[in-house]
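Asks: Protein chains in written order, with this note's numbering: chain A, 7 to 340; chain B, 81 to 204.
Honestly, the hints are just simulated from the structure, not real lab data.
Footprint (simulated), chain B over chain A, 3 or more residues, beta carbon under 8 Å: (1) 60-66; (2) 97-105; (3) 120-134.
From a predicted model like this one, the values you see are computed outputs, not experimental measurements.
Don't be surprised by glycine CBs; every beta carbon is placed ideally from N, CA and C.
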Amino acid sequence: MKCVSNNEVAKALVQKARDPQTRHVEESPKARQIVIEKSFAEWKGVPSPSPVDPLYDLEYMKVIALWREYGIQGQAANVAVIDSGCDTSHPAFAHTEIFERSLVQGDPSLGDPDGHGTWVCGKIVGQGVGIAPMCNLTVYRTLDANGSGTVDASVAALNAILKEGSANVVNISFGSPLFSADQEKAVNRLVRSGVIVCAAAGNYGLDTPFYPGSYKCCLTVAATNAAGVRTSFSDYGGQVDIAAPGVACYSTFPGGQFRAMTGTSMATPVVAGLLTLGVSYLKMVKNMSSRTDIARKVMSALEETAKDVGPKGKDSYYGFGVIDGLAFMQRVAS
Amino acid sequence: MRRAILLLLPLLASCSRCSGPAAPGPGPIAPPVSPFVPGDATETLRVTYLPGKDVLQFNVQRFDDCSALEVVYDGTNYGIMLPNADLYLPADKPGDRHQIQVTCLDDNGAPLNTEKLTQVRPDK
Numbered sequence: 007m008k009c010v011s012n013n014e015v016a017k018a019l020v021q022k023a024r025d026p027q028t029r030h031v032e033e034s035p036k037a038r039q040i041v042i043e044k045s046f047a048e049w050k051g052v053p054s055p056s057p058v059d060p061l062y063d064l065e066y067m068k069v070i071a072l073w074r075e076y077g078i079q080g081q082a083a084n085v086a087v088i089d090s091g092c093d094t095s096h097p098a099f100a101h102t103e104i105f106e107r108s109l110v111q112g113d114p115s116l117g118d119p120d121g122h123g124t125w126v127c128g129k130i131v132g133q134g135v136g137i138a139p140m141c142n143l144t145v146y147r148t149l150d151a152n153g154s155g156t157v158d159a160s161v162a163a164l165n166a167i168l169k170e171g172s173a174n175v176v177n178i179s180f181g182s183p184l185f186s187a188d189q190e191k192a193v194n195r196l197v198r199s200g201v202i203v204c205a206a207a208g209n210y211g212l213d214t215p216f217y218p219g220s221y222k223c224c225l226t227v228a229a230t231n232a233a234g235v236r237t238s239f240s241d242y243g244g245q246v247d248i249a250a251p252g253v254a255c256y257s258t259f260p261g262g263q264f265r266a267m268t269g270t271s272m273a274t275p276v277v278a279g280l281l282t283l284g285v286s287y288l289k290m291v292k293n294m295s296s297r298t299d300i301a302r303k304v305m306s307a308l309e310e311t312a313k314d315v316g317p318k319g320k321d322s323y324y325g326f327g328v329i330d331g332l333a334f335m336q337r338v339a340s
Numbered sequence: 081m082r083r084a085i086l087l088l089l090p091l092l093a094s095c096s097r098c099s100g101p102a103a104p105g106p107g108p109i110a111p112p113v114s115p116f117v118p119g120d121a122t123e124t125l126r127v128t129y130l131p132g133k134d135v136l137q138f139n140v141q142r143f144d145d146c147s148a149l150e151v152v153y154d155g156t157n158y159g160i161m162l163p164n165a166d167l168y169l170p171a172d173k174p175g176d177r178h179q180i181q182v183t184c185l186d187d188n189g190a191p192l193n194t195e196k197l198t199q200v201r202p203d204k
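Input sequences plus hints: build the corresponding full structure.
Replies: Take a look at the structure:
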């Protein structure tokens, strides 16, 4: 598994994060001001009605069979979404309790004035549209009403997740072409503590870095269409680890609405949701408690069971391949 | 160092929730328990009317051949859920009429059959 330390290192990292004596002053003030500007090129491309069955992504992953056969829908698994917030008043979230925090500079308000975060949250925990509707979700709002945010805010969110020990899986469906050493360090610390960080590959359709997805320790997700074929907008390159449905996927939107959206932003919570089911199974059924052991197990299962549809082996377009829900859970349970 | 502190202060000043725990959202709503009659598969669903939300519960006995249900309510697809799941809907008013379409799905999500019904909220 990418970048995972052993349990002792993981515990030490979390403990250090909780130590009030630990300095969090950034090393590079200029880098902190980098604004994540392109995050919504990802999803504003195509809010799309589609002839495809709106819930084809759930059906593709055989989510119904997974829920029934393995008896889990995400219970005991903890997920963090770093995004534009979440409209927790949506009926699709009424069955659960979503925790929220705003880290947007100058705007501590909760909710989701943009909509992107609500969509992502719904794909993970939404009743009817989510893959793991019974998981525990915390939302860290780092993107403002315009869909923009700062690296500072994303780093603050990553550090908060580490300090609180609140997540098995983190979803980041945004990014920037600009590298940040501080952001990379924060991601690395989190992953070494046993947290899986899923990040979008980017929507430029180029072989180009897109951070945080391009950090080595992130699980980077490319988008496929309903036929399982890589989309032309999905970035590619050595950073791509896995591919999942990301065209006209259906999920929640503020104001009680639902929308079909397209982008690697959409594919990322599909992967995060599937991993969450795996985490849930290991915790609930196998009684595993070590976060790093759980992370290793589900990550190995994801990589080893992906459908290798591109050039043989790990390739720049699909990574290890397209996710296979049933094969993944069979491997997790084995 | 001073510049770093000046840049840091606005972030801290605005980040009023950074030092505390995340705040919970509205939270789950537990509808009153209104069990269906054991052995009776004639009733399809029940609606419980709560402040701000309606809760729709399916008679599992009626859908015992279904792996899951896909529900379209007044033309909006509310997605796929297990038959024993509670479906939360926007609150309505007494006298409102709703069209509900429930599709029985197999393990692969393929439709087995579809039932359409009209539900009217009682006046009281």
